[in-house]
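S.K.: Line by line, the protein sequences give chains A and B.
If you number the first sequence the way our numbering does, the last residue is 440 and the count never jumps.
If you number the second sequence the way our numbering does, the last residue is 440 and the count never jumps.
Because the hints were derived from the structure by calculation, they are not lab data.
All values derive from a computational prediction rather than experimental measurement.
For each residue, glycine too, the CB sits at the ideal point set by N, CA and C.
Misleading hints may appear alongside valid ones.
[Stated by the list, open to error] Only some residues are given here: those of chain A computed to face chain B with a beta carbon under 8 angstroms:
| # | residue |
| --- | --- |
| 1 | Gly137 |
| 2 | Asp138 |
| 3 | Leu163 |
| 4 | Asn165 |
| 5 | Trp168 |
| 6 | Gly172 |
| 7 | Arg176 |
| 8 | Ser177 |
| 9 | Leu204 |
| 10 | Ser205 |
| 11 | Pro260 |
| 12 | Gln364 |
[As the list claims (entries may be wrong)] Here are the in silico distance ranges between beta carbons for each label pair:
| # | chain 1 | residue 1 | chain 2 | residue 2 | range |
| --- | --- | --- | --- | --- | --- |
| 13 | A | Phe156 | B | Gly43 | 48 to 56 angstroms |
| 14 | A | Val203 | B | Gln420 | 40 to 48 angstroms |
| 15 | A | Arg292 | B | Tyr3 | 53 to 61 angstroms |
| 16 | B | Leu204 | A | Val203 | 44 to 52 angstroms |
There are 2 protein chains.
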Amino acid sequence: MSYATTLNETHDPQLTSWVNSANEENCDFPIQNLPFAIFRRAGSNEAFRGGVAIGDQVLDLAAAKNSGYFSGIAQTALVQCDAPELNAFMAMGQTAWSALRLALSQALRSGADAESKLAGCLIAQDDVEYQLPCRIGDYTDFYTSIYHATSVGKLFRPDNPLLPNYKWVPIGYHGRSSSIEVSGSDFKRPKGQIKAPDASEPVLSACKRLDYEMEVGIYIGEGNQLGDIIDIDQADKHVFGFCLFNDWSARDIQGWEYQPLGPFLAKNFASTVSPWIVTNEALAPFRCAWQRDAAEPQPLGYLESEQNRQNGAFDIQLEVQLETAQMREAGQPASHLSLSSFRHSYWTVAQMVAHHTINGCNLQPGDMFGSGTQSGPTHEEAGSMLELSIGGKQKIELDNGETRTFLEDGDTVIMRGWCQKEGAKRIGFGEVVATILAAD
Amino acid sequence: MSYATTLNETHDPQLTSWVNSANEENCDFPIQNLPFAIFRRAGSNEAFRGGVAIGDQVLDLAAAKNSGYFSGIAQTALVQCDAPELNAFMAMGQTAWSALRLALSQALRSGADAESKLAGCLIAQDDVEYQLPCRIGDYTDFYTSIYHATSVGKLFRPDNPLLPNYKWVPIGYHGRSSSIEVSGSDFKRPKGQIKAPDASEPVLSACKRLDYEMEVGIYIGEGNQLGDIIDIDQADKHVFGFCLFNDWSARDIQGWEYQPLGPFLAKNFASTVSPWIVTNEALAPFRCAWQRDAAEPQPLGYLESEQNRQNGAFDIQLEVQLETAQMREAGQPASHLSLSSFRHSYWTVAQMVAHHTINGCNLQPGDMFGSGTQSGPTHEEAGSMLELSIGGKQKIELDNGETRTFLEDGDTVIMRGWCQKEGAKRIGFGEVVATILAAD
Chain A
1 MSYATTLNET HDPQLTSWVN SANEENCDFP IQNLPFAIFR RAGSNEAFRG
51 GVAIGDQVLD LAAAKNSGYF SGIAQTALVQ CDAPELNAFM AMGQTAWSAL
101 RLALSQALRS GADAESKLAG CLIAQDDVEY QLPCRIGDYT DFYTSIYHAT
151 SVGKLFRPDN PLLPNYKWVP IGYHGRSSSI EVSGSDFKRP KGQIKAPDAS
201 EPVLSACKRL DYEMEVGIYI GEGNQLGDII DIDQADKHVF GFCLFNDWSA
251 RDIQGWEYQP LGPFLAKNFA STVSPWIVTN EALAPFRCAW QRDAAEPQPL
301 GYLESEQNRQ NGAFDIQLEV QLETAQMREA GQPASHLSLS SFRHSYWTVA
351 QMVAHHTING CNLQPGDMFG SGTQSGPTHE EAGSMLELSI GGKQKIELDN
401 GETRTFLEDG DTVIMRGWCQ KEGAKRIGFG EVVATILAAD
Chain B
1 MSYATTLNET HDPQLTSWVN SANEENCDFP IQNLPFAIFR RAGSNEAFRG
51 GVAIGDQVLD LAAAKNSGYF SGIAQTALVQ CDAPELNAFM AMGQTAWSAL
101 RLALSQALRS GADAESKLAG CLIAQDDVEY QLPCRIGDYT DFYTSIYHAT
151 SVGKLFRPDN PLLPNYKWVP IGYHGRSSSI EVSGSDFKRP KGQIKAPDAS
201 EPVLSACKRL DYEMEVGIYI GEGNQLGDII DIDQADKHVF GFCLFNDWSA
251 RDIQGWEYQP LGPFLAKNFA STVSPWIVTN EALAPFRCAW QRDAAEPQPL
301 GYLESEQNRQ NGAFDIQLEV QLETAQMREA GQPASHLSLS SFRHSYWTVA
351 QMVAHHTING CNLQPGDMFG SGTQSGPTHE EAGSMLELSI GGKQKIELDN
401 GETRTFLEDG DTVIMRGWCQ KEGAKRIGFG EVVATILAAD
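Given the sequences, and given the hints that come with them, work out the whole structure.
M.R.: Quick look at the structure:
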């Protein structure tokens, strides 16, 4: 059993906090969660620094470091969190992550003697702004939903939807780091080469098939040296935590450009992450078994382990809502589009780590994996509009009577995520939000 | 005419230096070159800092900064070069790059009064070690040789070698930054999933078809904001310089994994750059016309410009040699494998920049593009063993009687590059070298 799968006192569902908002029903950030972000007071010129969410507050880790309350490894970890990026803290490894989590859990609990020292370190989430939680050196996007791969494959390659390697290889490719931004960063509809099916030549055009992709983001903590392989059963030591990830996609640009070397401009104009990183340790109660039907190809040895079969999967609920400009003006609520779970993933996070390093590729603190679009087995669980609209052929009905096949200018996409089950405290991921601006 | 295409006094072929080795015939680093690297004395614990090559010496830019000789923009630029990575200098833009180049050219010329102040700032290249010249945030690999794309296409897709998008889209994909290392960094043969053509299932194996790729690396200097497009005629302002780039490839892993999202583990185990960045400005004399036959598709507007047609291409000679363990033991010279030129590229650097940003993707100082394997029109100009051995079917004869189809353990691949023509001083890129170690 690794630290990341073992329940400890920080997971106790009975724990409450002296920060009262953390104890409210359906709060994303109860004391069992304790996710990390980089923040400062909104509109200020303060230095960005690390923070931990508790209820509707941010615990300022720079202030906590100076509070005199913490000591030992936890205090050493806080020193690393007083920085505009969490890379150094992420590089410290799980002993430090766990020590800080335990210390914060104990300090924020109801009745803790820390309240007098730490109350002044809280800032309302409503009053802060975020930036990326770390410097993302390399970003790799996987393709782990077989339901997504099959649906999309049907659209791009009707005669050959699921390629023969899919059930053997955790397919992934390198994405663009520079254009990953934090929730709230709106962006312009991209332009690119598009070739209509009946046209003889491509044209330069604003994208007409702009889509979201509902993904889980996975942050690497401790890295590995070039040439060193990470064993599947050691993968958890290298996984710092998880976020929500919207990997915006220009389907028409993608269709024309993607062969033979994969998607490029169809993806690298923008990707958006939620500000909070929910730690691997916080998700321990929501791990579940990973199964591969006996009739399917079984994983090669480096992707196989008993531990991975027992609890390699994560039951993270993912939801997408769409708020159109018309809804916003009319004060109408956003319309539901998708709901699925990361537990449907064909490959686990540990398998992604083991696969990524089997050739000796080095992962570094702050690197990010995208899970790939997390579509589930039913149509309602599709994690993109490409799938929901069946390649743009079927209109998606919104609650206010509008319809969409792909995203229009002014549309705001809202992704939320949470984990919930009997016997555990519900924890949330917050949200990732961005709005499509018109092309120049 | 942009600064990068205008000849100025720094290009004068008559210039000589008081560093005598710079004046020798066939010297890679005459005073007309002045390339940048990050270095320190070999085996020391000195701080890595910027250096400029002159003859067989490195001008220590940290020492030059402190010499009291330089002033104005050049001195400001030197301050940025006194750092373990050149990103801040690269971000300063072409006014600063040109000012420093001119000041260094004047200071290092025969008869300059700087000799007494700067002679002490020189360190023999034989006595230094290098690291990457900058932090490479994102690395994009293009695919700009139509000869390479056609030859490789034939091997991977016999019925469909050159895809319909090739002549319209400067095809590129994102590569791995973390595993790019500087010349001299040996690496282990990668392992990965391989499926033999007649096998029903893949196996995990050490790569059996390990290859080099002879590429030009292009470093971005000044970046662009997310959402901003770089016009093709402004591209030169964003291109800091060029290096030699060996993008090692595991052909058997590639064949099995690359569909539908492109190469991944087949490439990201190692890439190797030469230590020296030859600046865009230094290459001005070696620009040449870029042509697209009238019978071929003409570029879309954003990829088209008169300036690009006039001098968008670069005549950079690229050569690969192979030194086997047996040659090394016997003291035999390395054996010639490939010789070609970057002028054969189907797309220019300016077209790569314009294409990469047409969707608003942001480039950042220190980002690198690979040109893609630079194979020329004839078989002898093929830039990879995959092509030279026709997919492994034909043995490559080496000078000492050995043969190869792909690389073996102990093989050292040496790439060199240079520019040479009537009326200009020959300038060189130095070399990029690495040796294949056995898999674990």
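S.K.: Taking the CB of B:Leu204 and the CB of A:Val203, does the distance hold inside 44 to 52 angstroms?
M.R.: Given about 45 angstroms between the Cβ atoms, the range holds.
S.K.: Does A:Gly137 pass the interface check with chain B, least Cβ-Cβ distance below 8 angstroms?
M.R.: Constraint on A:Gly137 satisfied, holds at 6 angstroms.
S.K.: Between A:Phe156 and B:Gly43, does the beta-carbon spacing fit 48 to 56 angstroms?
M.R.: holds (53 angstroms)
S.K.: When the nearest CB of chain B is found for A:Pro260, is that gap smaller than 8 angstroms?
M.R.: Status holds, d = 6 angstroms.
S.K.: Does the closest beta carbon of chain B sit nearer than 8 angstroms to the beta carbon of A:Gly172?
M.R.: holds (5 angstroms)
S.K.: Given the hint of 53 to 61 angstroms, check if A:Arg292 and B:Tyr3 actually sit that far apart at their C-beta atoms.
M.R.: holds (59 angstroms)
S.K.: Please verify that hint: A:Ser205, Cβ, nearest Cβ of chain B, below 8 angstroms or not.
M.R.: At 10 angstroms from the nearest chain B Cβ, A:Ser205 fails the 8 angstroms test, so the hint is violated.
S.K.: Does the interface hint hold: is A:Trp168 within less than 8 angstroms of chain B, judged Cβ to Cβ?
M.R.: holds (5 angstroms)
S.K.: Is the shortest C-beta separation between A:Leu163 and chain B less than 8 angstroms?
M.R.: holds (5 angstroms)
S.K.: Classify the hint on A:Ser177 as holds or violated, based on whether any CB of chain B lies nearer than 8 angstroms to its CB.
M.R.: holds (5 angstroms)
S.K.: Would the hint on A:Arg176 stand, with a C-beta cut-off of 8 angstroms toward chain B?
M.R.: holds (6 angstroms)
S.K.: Restraint: A:Asn165 near chain B, CB-CB cut 8 angstroms. Satisfied or not?
M.R.: holds (6 angstroms)
In summary, the structure is inconsistent with hint 10 from the numbered list given earlier, while agreeing with all the others.
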